[in-house]
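**Student:** Sequence:
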Amino acid sequence: MMRLPKCFLAVCMAGWLLGLASMAPDIVAKIKEYYGKGVRAFIIIGHSQGGAIAFLLRSYLQYMDDPAFPKDIVFKTYCSAAPKPGNLYYAYDFDYITRGGWGFRVVSTRDWVPETPFSLQTTSDFTAVNPFADVKKRTRQQKLMARLAINYMYGRLNRASRRASRRMQRILGKLAYKQVRKSVPGYARPDFVNSHHYMPAGSPVILYAGKDYDEQFPYDGKNVFVHHMFPPYLYLLKQQYKMD
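All you need for our numbering is the position in the sequence shown, starting with 1, plus 100.
Read the hints as simulated data drawn from the structure, not as lab findings.
Check before you lean on any hint, since a few could be wrong.
Stated by the list, open to error - Straight-line Cα separation of at most 30 Å, DSSO-like style, residue types lysine-lysine; simulated pairs:
id, residue 1, residue 2
1, K342, K311
2, K278, K243
3, K176, K322
4, K176, K338
5, K171, K130
6, K338, K322
7, K311, K322
8, K282, K243
Said to hold, decoys possible - Pair by pair, the computed Cβ-Cβ distance ranges are:
id, residue 1, residue 2, range
9, D165, Q279, 26 to 34 Å
10, K130, V305, 40 to 48 Å
11, Q340, G150, 21 to 29 Å
12, G286, I127, 18 to 26 Å
13, N323, I145, 21 to 29 Å
14, T227, F292, 36 to 44 Å
In this text the structure is predicted, and so the values were computed from the model without any measurement.
Heads up, the beta-carbon is just placed ideally off N, CA and C, and yes, glycines get one too.
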């Protein structure tokens, strides 16, 4: 059974979690095997969707409920070209458990994949202590016209974001769930936390693409993954970090 922090379960993409669930038993078994041979340090690497799964794998290993799993292992994580793995609180958690330089995201400034999924922040995404929790109560001391104006403006902003959130749930959750069930019979959709506030995680390694890069990897209007593959990432790494 996978036991993960609430912030993780809130917004992680079901497909990545299913991918992790299918591989986790074998990964854990291999780690235990090599631990028995004296290995105490492991590197977790993933590119693109593999990068998203690498994020989640690191979190899974941190919170795994397995008394037999060794506690003196050091993990270092590199997630390249990865989409945003979770909400702000997942990012906080990942950055905390990998603090001190043990978790990195490698991103090209030309790559659109790390900018996904669509992110939407609503008043429900703030921490518990915030000025938006009960606006009507906080404006009771205001004069009538000021109170009406504040509540009206707040309501328009709040309703719009919540409406967009429901729309994203319908498209990215319910419709996608029907497609997943075709490939994974018996899969039951869990109850997701009502949040779409996707954020990047990990210490950033930014690969800045300039004019010379665009000459090497031109976009022809069709090849939308031209900046997402291994060759452009390796090109920028070698150029900016003097790698052989």
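**Student:** Are the hints correct? Go through all of them and say.
**Tutor:** So, going through the hints one by one against the coordinates:
1. K342 with K311: It holds: about 18 Å lies between the C-alpha atoms, which stays within 30 Å.
2. K278 with K243: Violated - the C-alpha atoms of K243 and K278 are around 51 Å apart, more than 30 Å.
3. K176 with K322: 36 Å, violated
4. K176 with K338: This hinted pair holds, its Cα atoms lying about 21 Å apart.
5. K171 with K130: 15 Å, holds
6. K338 with K322: 26 Å, holds
7. K311 with K322: Holds, because 20 Å separates the two Cα atoms, which is no more than 30 Å.
8. K282 with K243: Given that 30 Å is the threshold and the Cα spacing comes to 57 Å, the pair is violated.
9. D165 with Q279: 26 to 34 Å: Check passed, 31 Å falls within 26 to 34 Å.
10. K130 with V305: 40 to 48 Å: 27 Å, violated
11. Q340 with G150: 21 to 29 Å: 22 Å, holds
12. G286 with I127: 18 to 26 Å: 23 Å, holds
13. N323 with I145: 21 to 29 Å: About 25 Å separates the Cβ atoms of N323 and I145, which means 21 to 29 Å holds.
14. T227 with F292: 36 to 44 Å: 19 Å, violated
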